[in-house]
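Participant: So you can see what is in the structure, the chains are spelled out below.
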Amino acid sequence: MASPLSQVLLDGLFAGGAYALMAAGMALILGVVKVINLSHGAFFTLGAYVAYALAARGIGSPIAAAPLAAVIAFAFGIFLGKSFVNPVRSHPFALPVGTLACALLFEQAAQLLWGPHPLSIETGAPWIGPGGLVVRRWGVVAFLSSAALLGGLKWVLSSRPGLPLRLIAEDEEIAGSLGMDVEAIRYLTFGGACAMAAAAGALLSPSGAVTPTMGRAPLLLSLVVVIVAGMDSVEAIFLLSIGLGIFGNACAWFLSPQWSYVALLAAVCLLLSVRPAGIVVLAGRRD
Amino acid sequence: MNNAAPFRGGWLAAGIGLLLLFPLSSPDAFFLDVFTTGFLLAAFAASWDVVGGLSGQITLGHALPFGAAAYACAVLTTLAGWPLPLAVAAAVLLAVAVGAGIGALSAPLAGPFVALLTLALGEIAHEVAVGHTFFSGTGGYAWGGEGGIPVALPWRDAPPFPSYYAALGFLCLASFGMLRFSRSGMGLILRAVAGSPVTAQASGIPIARFKRLAFAVGSGFAGAAGAGFVVHVGRATAADLSLELSFQAATFAAVGGRGTIVGPVVAALVLHVLFQGLSLHPSARVLLYALTLLVALRFFPGGVVGTARYLASRLGRREGARPPRRRGRNRNGEGTP
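One line per chain: the protein sequences are A and B, in this order. With this note's numbering as the guide, the letters of the first sequence map in order to residues 129 to 415. With this note's numbering as the guide, the letters of the second sequence map in order to residues 39 to 375.
Misleading hints may appear alongside valid ones.
A few chain B residues that don't get close to chain A, going by computed Cβ distances all over 12 Å [as the list claims (entries may be wrong)]:
1) 56
2) 75
3) 90
4) 135
5) 153
6) 214
7) 217
8) 272
9) 281
10) 311
11) 314
12) 352
Covered by chain B, according to a simulated footprint, are these stretches of chain A (three or more residues, beta-carbon under 8 Å) [what the hints assert, rightly or not]:
13) 215-222
14) 362-368
Rather than coming from a laboratory, the hints here were simulated on the basis of the structure. From the three backbone atoms N, C-alpha and C, an ideal C-beta is built for every residue, glycine too.
Kindly generate the complete structure, drawing on both the sequences and the hints.
Facilitator: Written out as structure tokens, the structure reads:
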């Protein structure tokens with residue numbers, strides 16, 4: 129039996145990688161669509177339930193679940209972005225309340241479909257590493273695929289295909305005057321970011337219980353990450369997410385899973401009272 | 039500033055008359071109970087409107103003062119053995135203090151961050167309520183968690199008729215108080231703060247103080263509704279602090295028309311009685327609330343009151359009576375071109 133500390137560190141590292149994927153999606157929405165998406169956690173939950181439904185049919189592999197979850201979430205995300213987020217973008221009331229409504233809508237739908245009880249996914253025996261360290265297979269897969277996806281995102285953003293995104297983040301009027309379809313890029317980005325959250329949910333689903341409200345903690349974690357690390361650097365998001373993943377895991381291991389959620393909530397409150405401007409992109413907007 | 043009362047006195051009086059008459063038609067006890075909780079929820083929705091509509095501080099943690107008062111009532115009567123009226127008074131004071139605290143924390147924040155902070159504060163309170171257990175006076179068994187804490191009531195089973203009329207009376211008094219507040223000088227200043235904080239500040243208004251005031255007043259009424267609710271139900275549970283409850287208040291306000299006080303009350307009564315009366319699964323109910331809210335936000339940004347006013351002005355039915363007819367519509371449906 130390995131020491132709990134190294135086990136917590138390893139599992140936190142695995143979880144943090146997937147959280148980074150989700151936080152990067154949140155940052156993308158903030159940068160390009162310039163809204164806080166409170167339904168981001170619901171897409172995480174959606175991914176986890178897709179993984180559960182597949183596992184229940186004998187396909188218990190995050191490699192199969194993540195792409196499927198991403199495609200489903202992309203479709204829902206485009207619908208949400210096109211029919212709700214884009215039209216009400218400038219309403220300071222409709223946006224937070226509406227995205228929260230979407231999150232609750234999905235939580236309740238999940239509760240009706242799968243019940244309120246925690247579900248778990250069986251993914252086979254773990255490898256036992258040096259010193260009795262338990263290396264879970266899903267964790268390795270989650271970490272590697274998240275890192276690969278984030279690397280891909282970084283490459284896309286810094287290369288030619290990502291130019292419209294960067295330009296819209298900087299100045300949407302110029303982007304529009306250059307002939308870019310700003311509205312379409314907005315909802316496509318929204319859908320893509322939702323797909324990232326769902327992939328993260330599918331990758332992380334075997335790590336714990338799948339419940340309707342499981343997306344709330346990752347949502348807050350992503351908010352903490354984008355408030356602290358900003359939206360410019362994928363590396364900063366990645367490192368901070370891993371730090372928070374380890375922290376959350378330590379809280380869950382040494383106290384109880386509930387306390388890692390409370391710690392994240394307290395971190396959001398603390399950060400907002402220390403940095404009243406919140407997230408820089410939104411602070412400049414008049415609303 | 040006339041947009042506080044949409045239908046003017048006549049319709050309102052007729053509605054109150056109908057509600058007063060309703061129990062005499064010997065309805066099912068279940069429906070009496072649905073209406074009684076509906077009145078308390080309607081007062082809660084109106085108190086959300088003081089914060090989120092009137093002063094534009096979009097709170098997603100309004101269940102916090104409601105639940106804090108509910109828990110205070112339960113803890114003070116059951117564990118500390120206070121008499122009920124004293125406990126209720128203390129609970130309302132606690133809610134005012136909680137509101138002033140939330141207001142102080144959120145005053146420097148802008149736009150969506152108020153929503154984020156209040157959401158986080160409400161969720162912390164909910165988690166603490168779920169996780170904390172209290173020991174009964176004799177130490178025999180524990181209270182708290184999801185099951186909550188019972189309230190020691192001076193009566194055994196509250197008879198349905200007095201509860202109904204007490205809740206209705208409370209709703210009328212509270213709505214009247216909030217309506218008066220929204221039309222007072224302070225209400226006017228709060229509307230100015232909601233409209234443009236920068237302009238309000240330039241006019242010499244201490245906006246942080248007024249934001250705190252809005253939170254304190256709204257939370258005080260929410261606490262009163264929470265105390266009434268817990269006395270009616272007989273038990274404070276973690277659901278009284280839940281995000282779903284805060285969300286319901288915002289839904290009622292959005293559907294009824296933000297900043298009108300009367301609109302949220304009417305919306306709360308209609309939606310609650312409709313969804314609760316159908317005896318749906320609780321999840322299906324919240325789901326329907328979310329759907330209703332999304333449709334309202336997307337297609338009727340001014341809510342029922344705003345839309346009704348807009349239609350009235352289009353049809354020109356109430357010609358010439360009050361010129362600033364469209365102001366309410368514009369104020370509530372921000373972002374109209």
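Participant: All the hints need checking, so say for each whether the structure fits it.
Facilitator: Status of each hint after checking the structure:
Even its closest Cβ contact with chain A, about 31 Å, leaves residue 56/B beyond 12 Å, as expected for a residue assigned away from the interface. In this structure residue 75/B is separated from chain A by more than 12 Å, as the shortest Cβ-Cβ distance comes to about 20 Å. Listed as outside the interface, residue 90/B is inconsistent with that label: its C-beta sits roughly 8 Å from the nearest C-beta of chain A, within the 12 Å cut-off. With a minimum CB-CB distance of about 17 Å to chain A, residue 135/B clears the 12 Å threshold, and the non-interface call stands.
The claim that residue 153/B is not at the interface with chain A is violated, since a C-beta of that chain comes within 12 Å of its own (minimum 4 Å). For residue 214/B, the requirement that its beta carbon stay farther than 12 Å from each beta carbon of chain A is met, with the minimum near 25 Å. Every CB of chain A is more than 12 Å from the CB of residue 217/B (nearest about 21 Å), matching its label as outside the interface. Residue-level check passed: residue 272/B sits 24 Å from the nearest beta carbon of chain A, beyond 12 Å.
Non-interface status of residue 281/B relative to chain A is broken: a Cβ of that chain comes within 12 Å, the nearest being about 8 Å off. Distance to chain A confirms residue 311/B as a non-interface residue, since its nearest Cβ pair spans about 20 Å, more than 12 Å. No Cβ of chain A approaches the Cβ of residue 314/B within 12 Å, the least distance being about 15 Å, so the stated non-interface status holds. With a minimum CB-CB distance of about 22 Å to chain A, residue 352/B clears the 12 Å threshold, and the non-interface call stands.
Only residues whose beta carbon comes within less than 8 Å of a beta carbon in chain B count, and the region 215-222 of chain A has 7; three or more means the coverage holds. Counting residues of the region 362-368 of chain A whose beta-carbon sits less than 8 Å from any beta-carbon of chain B gives 0, not enough to reach three: the coverage restraint is violated.
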